[in-house]
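Engineer: Using the sequences provided together with the hints, build the complete structure.
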Amino acid sequence: MDAILFSAADFHVLKPVILLCLFGCGILITDAFLIRNRADRWKNAIPALAAQVAVAASLVQHLGDVRSGGAFSGLNGSMQVDGFAVFFNWLFVLAASLAIVISARYMGAEGEHRGEFYALLLFAQAGMSVMAAGYDLVVLFIGLETMALSFYVLVGFLRDTRRSNEAALKYLILGAFSSGLLAYGFSILYGISGSTNLGEIAKAVAARSEGDLALFLALITCSVGLLFKIAAAPFHMWAPDVYEGAPTPVTAYVSVASKAASFALMLRIFLTAFESAAEAWMPLLGAIALVTMTIGNFAAVTQTNVKRMLAYSSIAHAGYILLGLVAGNETGLRGVAVYLLAYVFMNYGAFALVAALRREGEAAEDIDDFNGLYHRAPGYTILLAIFMLSLTGIPPLAGFYGKYFIFLAILREGYYLVAVFAAIYVAVSAFYYFRLIRACWLLEEGEQQKPAQLDMNFGTRAALVACALLTLLIGIYPQPFIDLAGESVLAALR
Amino acid sequence: MFFLDSIWLIPMFPLLGAAVMLLFGRRLEPQHDQGPPADDHGGHGGGHGRPAGRTLVNILCPGMVLLSFLFALGAIFQLQSVEGHSYEVVKWTWLAGLDSATGMGLNAFTADWGFLLDALSAVMILVVTGIGFLIHVYSVGYMAHDGGYYRFFGFLNLFLFFMLVLVLANNYVLLFVGWEGVGFCSWGLIGFYFRKQSAQRAATKAFLVNRIGDAAFVLGMLLTFTTLGTLTFTEIGPALEAGGFQIENPWGPLSLLTLFFFIGACGKSAQIPLHVWLPDAMEGPTPVSALIHAATMVTAGVYLVARSSEIYVLAPNTMLIVAVIGALTAIFAATIGLVQYDIKKVLAYSTVSQLGYMFLACGVGAFWVGIFHLYTHAFFKALLFLGSGSVIHAVGGEQDMRKMGALKDKIPLTYKTMLIGAVAIAGVPGLAGFFSKDEILWKTFSAHQYELYALGLITAMMTAFYMFRLIFMTFHGDNRVDPRTHVHESPRSMTVPLAILAAGSILAGYVGTPIVFGPVHDMLPSLEHWLSSAVVVADAGEHHAAILEWGLMLLSVSLALLAIWFAMKTFKTDRYAGEPMHGILGKRCHQLFLRKYSVDEIYDRFVVKIGAQETGSQLGQIDRKVIDGAVNGVGKLTRRTSSLTIFGDKWIVDGLVNTIGYGVKFFSYPIRMFQTGMVQNYVLLFVIGLGVVAGYFLFE
Chain S
1 MDAILFSAAD FHVLKPVILL CLFGCGILIT DAFLIRNRAD RWKNAIPALA AQVAVAASLV
61 QHLGDVRSGG AFSGLNGSMQ VDGFAVFFNW LFVLAASLAI VISARYMGAE GEHRGEFYAL
121 LLFAQAGMSV MAAGYDLVVL FIGLETMALS FYVLVGFLRD TRRSNEAALK YLILGAFSSG
181 LLAYGFSILY GISGSTNLGE IAKAVAARSE GDLALFLALI TCSVGLLFKI AAAPFHMWAP
241 DVYEGAPTPV TAYVSVASKA ASFALMLRIF LTAFESAAEA WMPLLGAIAL VTMTIGNFAA
301 VTQTNVKRML AYSSIAHAGY ILLGLVAGNE TGLRGVAVYL LAYVFMNYGA FALVAALRRE
361 GEAAEDIDDF NGLYHRAPGY TILLAIFMLS LTGIPPLAGF YGKYFIFLAI LREGYYLVAV
421 FAAIYVAVSA FYYFRLIRAC WLLEEGEQQK PAQLDMNFGT RAALVACALL TLLIGIYPQP
481 FIDLAGESVL AALR
Chain A
1001 MFFLDSIWLI PMFPLLGAAV MLLFGRRLEP QHDQGPPADD HGGHGGGHGR PAGRTLVNIL
1061 CPGMVLLSFL FALGAIFQLQ SVEGHSYEVV KWTWLAGLDS ATGMGLNAFT ADWGFLLDAL
1121 SAVMILVVTG IGFLIHVYSV GYMAHDGGYY RFFGFLNLFL FFMLVLVLAN NYVLLFVGWE
1181 GVGFCSWGLI GFYFRKQSAQ RAATKAFLVN RIGDAAFVLG MLLTFTTLGT LTFTEIGPAL
1241 EAGGFQIENP WGPLSLLTLF FFIGACGKSA QIPLHVWLPD AMEGPTPVSA LIHAATMVTA
1301 GVYLVARSSE IYVLAPNTML IVAVIGALTA IFAATIGLVQ YDIKKVLAYS TVSQLGYMFL
1361 ACGVGAFWVG IFHLYTHAFF KALLFLGSGS VIHAVGGEQD MRKMGALKDK IPLTYKTMLI
1421 GAVAIAGVPG LAGFFSKDEI LWKTFSAHQY ELYALGLITA MMTAFYMFRL IFMTFHGDNR
1481 VDPRTHVHES PRSMTVPLAI LAAGSILAGY VGTPIVFGPV HDMLPSLEHW LSSAVVVADA
1541 GEHHAAILEW GLMLLSVSLA LLAIWFAMKT FKTDRYAGEP MHGILGKRCH QLFLRKYSVD
1601 EIYDRFVVKI GAQETGSQLG QIDRKVIDGA VNGVGKLTRR TSSLTIFGDK WIVDGLVNTI
1661 GYGVKFFSYP IRMFQTGMVQ NYVLLFVIGL GVVAGYFLFE
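From first to last, the protein sequence lines are chains S and A. The numbering of the first sequence is our numbering, which starts it at 1 and goes up by one. The numbering of the second sequence is our numbering, which starts it at 1001 and goes up by one.
It is worth saying that the hints were derived from the structure and are not from the lab. Cβ atoms here follow ideal geometry from the backbone N, Cα and C, with glycine treated the same way. Wrong hints could be hidden among the right ones.
Label pairs and their calculated CB-CB ranges [claimed, not checked]:
{"id": "1", "chain 1": "S", "residue 1": "Tyr477", "chain 2": "A", "residue 2": "Glu1601", "range": "45 to 51 Å"}
{"id": "2", "chain 1": "A", "residue 1": "Leu1016", "chain 2": "S", "residue 2": "Asn37", "range": "29 to 35 Å"}
{"id": "3", "chain 1": "S", "residue 1": "Arg162", "chain 2": "A", "residue 2": "Val1687", "range": "25 to 31 Å"}
{"id": "4", "chain 1": "S", "residue 1": "Asp368", "chain 2": "A", "residue 2": "Gly1084", "range": "55 to 61 Å"}
{"id": "5", "chain 1": "A", "residue 1": "Val1687", "chain 2": "S", "residue 2": "Ala207", "range": "28 to 34 Å"}
{"id": "6", "chain 1": "A", "residue 1": "Leu1073", "chain 2": "S", "residue 2": "Leu469", "range": "33 to 39 Å"}
{"id": "7", "chain 1": "S", "residue 1": "Leu469", "chain 2": "A", "residue 2": "Ala1694", "range": "44 to 50 Å"}
{"id": "8", "chain 1": "A", "residue 1": "Glu1088", "chain 2": "S", "residue 2": "Gly69", "range": "41 to 47 Å"}
{"id": "9", "chain 1": "S", "residue 1": "Ala278", "chain 2": "A", "residue 2": "Glu1088", "range": "38 to 44 Å"}
{"id": "10", "chain 1": "A", "residue 1": "Val1687", "chain 2": "S", "residue 2": "Asp455", "range": "42 to 48 Å"}
{"id": "11", "chain 1": "S", "residue 1": "Val138", "chain 2": "A", "residue 2": "Ala1694", "range": "42 to 48 Å"}
{"id": "12", "chain 1": "S", "residue 1": "Val138", "chain 2": "A", "residue 2": "Pro1250", "range": "55 to 61 Å"}
{"id": "13", "chain 1": "A", "residue 1": "Val1687", "chain 2": "S", "residue 2": "Ala32", "range": "42 to 48 Å"}
Structural biologist: Here is the structure:
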């Protein structure tokens, strides 16, 4: 341990994170010195995408190593590369690439197109990458905070927009509060076990007796801190405001990537450190999942702002995903992974269309703004319908599978009542998703003058088509994706 | 076995047509699709020339369906030589990820993109492709003057794709794909005249009511899987045997799952209490009403029950529920049908009522009779709907029967074919409806369900009455048509399908003649025998005297004839002044039927308003009003106590900002912030949540 502080193996483990940070810093420099013209700002997206390619390449390496030699760790066991980490890193790469692609035009329309934006996207991703691969409380916390700090800035990136500022401030205050709680929980865990390594902690927790107060305290604080991050009720209050206020590509990024990263952290901690206390937290999380689904689905029904509606819908989705963890069996965890994967594409697709409606001087985020979209752009309307149907969970689209596995998992554990509620809420959710589709066809008599307009560039178009195709592909031929998800879950269970 | 191995192609042809239409169709329209006129038939009689692109649509879309029909015929022909009349084609495994390490005997679970052709799906694909083709041809004439031509045919083809997937699927999951898909297409086609608010509302309503049923379907599916460990149809029987399942009395998992399936079927097939969407669905173009909302999609529920017959027979209590709901729906819809004025609404309620008959048959254990009625009903109801479309076409878009009359000489072909349809549905001996309906009544009677038999008998009488009320009001009596309208017979593409369907309405019943017909029965092919390989056919059981069956048949026929005579007396000779139904039913009853028992209003009041909107807006406001209000008192307390905590400073600052307020420059921006939900309230809720979580752990 003393011989080499930072070995080649450590470098290999950290490679995606290092690449992201380097590219991020590079963008800051090139933006300051090379890009003089306002209109050329979009070129910052090129190195950001190059970073994704580089990260993807190193992930391919990681995956190869994991497949041939099993999981490997670095930095004295504080980071661990396994199928789980690789799978989540793939999700982040996908989410970040899509965010970069749809940002180029959107931020231009907002008049806030600056290089830092892309750099911050990459820094956030670096944080998430650490969250997925971390195996040590301190490392995990650093990852979480790196991500969160980047997001605070990204959410408030529209300096002249009040809503954006307000959202950022709320996010910051509440985020700090929850991080504080989480740090408190981590410190208790350290107190219990004398180590920050998850494996060690798991052993110490398992050795504790049933009604141990310190353990309860740790469980309370950790679960509340994590539930905040995934926006589960009653810790969801920030989500609608933040989603509504943030620039749309950032909203998509927060709703997909940050949620996936937080779930990764939650799965890691609950399935390793707290695994032996499962009896205690499972019913609690089950109840929270139910409350979350209830609030998310019913509140979404009355929203008129699309981003706010999608925010509540994402709260509801978090409830479903949480049920997978509650069931705790392999099917359920696989469901979580499949759900998150499908969620990337369908949610990004929806947000990309909202972003495309944004033009200078016009917010166009209300459901009414979608009126008559079909008559302008039938093709994109069909894509929107695909995303909405997938979010509802209608087969054979991607969104169906996550729900399918999770329902199956909770039924297997015998939570019939929960399953009934979850199924009923699917019917409720159809209502608000369909309202949006319906609006696209709506054109009142004599209301020809203001049909919805889509402003597309090549990147947005490509992103949309890719999202739609993958939503369909996962739905029709899901086996490879399910296998991939299964592989990652098996790693988490070890 | 070329055709048998290509059964997967049968749904693919319409999919191809749909893809071409929906992706490239816009280019085929001469001017961009500005949408059809708001009025259903505003464009009719406008007589502008046929654009060249339409010829392609006219050949491609019906052509694809014809191809499917031919492949279906070929496959069924080859199926007869297969042992057990059942043939499965699995294209690839769809879901198989559940096999490892979970145990519970679920190891072999798969759901495939697999297609199953057996006696049951054979009947269904013939109905779907055959009648689907005729209705496509009819639509070429009917929709000729409407905008959005390609969109219409695209959706219609897409519908056929999903419907064929539904009936050819070899497992419940794939069936569910079709199930959802037809719902989606139905939504698109009901709302085809999207400029009409009522059409959009009807489309949304149909979709949402269907979703309630779908949720139950999903639960049924999951329960099937956890109980039997498989969702593949051909494995259900062996799984039931291997699991040693007995007839459940009163309740058990099988009863529950069949009940869930039945609720799903209620949604799709418009049974009480989920029947409300179907009459509204008549906002769609008439060919759509004929194909989707009469002949095919709405019968999917009956198909589902028949498909699961092996499970249903083990759940007698669910069967009873099915039978009772079926019989109640039959009579309930028939009473409403008695007083409707809109020609399509009469037919819509008639459809609901006939679907009730089908469920009644399934509920008393005569699954094959349910399918038999489904099959005959497809002919005469499609005929009646298309006929009504032809009438509407002729009188320039009018649907109110009070503004018709004396049309029989002006549109003779439509009159004759519709008359055949009416005679068939009324149950006059010799035509299709007589055989299937009488078989249902007989099976109900011989299952000792005498109350249900009585309901069925009264419904039959009402059916004959309202159907001939329709005929006499439309074609006989005084001419009440707007004199400015030029009444004209429909083009050949519409009348030829009518004639073919009329022939079908006469002949279709001869595959299910009653046993008491003796030599005639023996000579003709038997649907019961054919279906016995796919659905459970109950043993003959105790033998009733043939004389009893003859007697009951005589009873129902004479009641039907009596009803026809009564309708004729009332509506043919009457000068149609005032409201004869008023006098017959009495004021109260008439109002009750006319208002459709106020079910819509009740739903609107209790489910939509209170259930969804109120709850939804309450929860939506939770971060705005509820918390604000509830929290004010607690808030102050928290602010004080919070100063004791390590976080205190921050909240004190925030609290001061709150009370001192707006002047401070640093916090000047967020006037909005105080309106849209204060962050300290969020934190407060956070803390309360924390308290709940802590309480849970401490007091557990």
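Engineer: Is 45 to 51 Å right for how far apart the beta carbons of tyrosine 477 of chain S and glutamate 1601 of chain A are?
Structural biologist: holds (47 Å)
Engineer: Holds or violated: 29 to 35 Å for the Cβ distance of leucine 1016 of chain A and asparagine 37 of chain S?
Structural biologist: Violated: the Cβ-Cβ distance is about 49 Å, outside 29 to 35 Å.
Engineer: For valine 1687 of chain A and alanine 207 of chain S, compare the CB-CB distance with the range 28 to 34 Å and indicate the outcome.
Structural biologist: holds (32 Å)
Engineer: Is it true that alanine 278 of chain S and glutamate 1088 of chain A lie within 38 to 44 Å of each other by Cβ?
Structural biologist: holds (42 Å)
Engineer: Hint says 41 to 47 Å; check whether the CB-CB distance for glutamate 1088 of chain A and glycine 69 of chain S agrees.
Structural biologist: For glycine 69 of chain S against glutamate 1088 of chain A, whose Cβ atoms are near 43 Å apart, the range 41 to 47 Å holds.
Engineer: Note whether the CB distance of leucine 1073 of chain A and leucine 469 of chain S lies within 33 to 39 Å or breaks it.
Structural biologist: Given about 36 Å between the Cβ atoms, the range holds.
Engineer: Check the following: the C-beta atoms of valine 1687 of chain A and aspartate 455 of chain S are separated by a distance inside 42 to 48 Å.
Structural biologist: At roughly 44 Å between Cβ atoms, aspartate 455 of chain S and valine 1687 of chain A fall inside 42 to 48 Å, so the hint holds.
Engineer: Is the gap between the beta carbons of arginine 162 of chain S and valine 1687 of chain A within 25 to 31 Å?
Structural biologist: This hint holds: roughly 27 Å between Cβ atoms.
Engineer: Given the range 42 to 48 Å, decide if the beta-carbon distance of valine 1687 of chain A to alanine 32 of chain S lies inside it.
Structural biologist: holds (43 Å)
Engineer: Falls inside 55 to 61 Å, the C-beta gap from aspartate 368 of chain S to glycine 1084 of chain A?
Structural biologist: About 58 Å separates the Cβ atoms of aspartate 368 of chain S and glycine 1084 of chain A, which means 55 to 61 Å holds.
Engineer: Is the gap between the beta carbons of leucine 469 of chain S and alanine 1694 of chain A within 44 to 50 Å?
Structural biologist: holds (47 Å)
Engineer: Using the beta carbons of valine 138 of chain S and proline 1250 of chain A, state whether their distance is inside 55 to 61 Å or not.
Structural biologist: holds (60 Å)
Going down the numbered hints, you'll see the structure goes against 2, 11, while the others check out.
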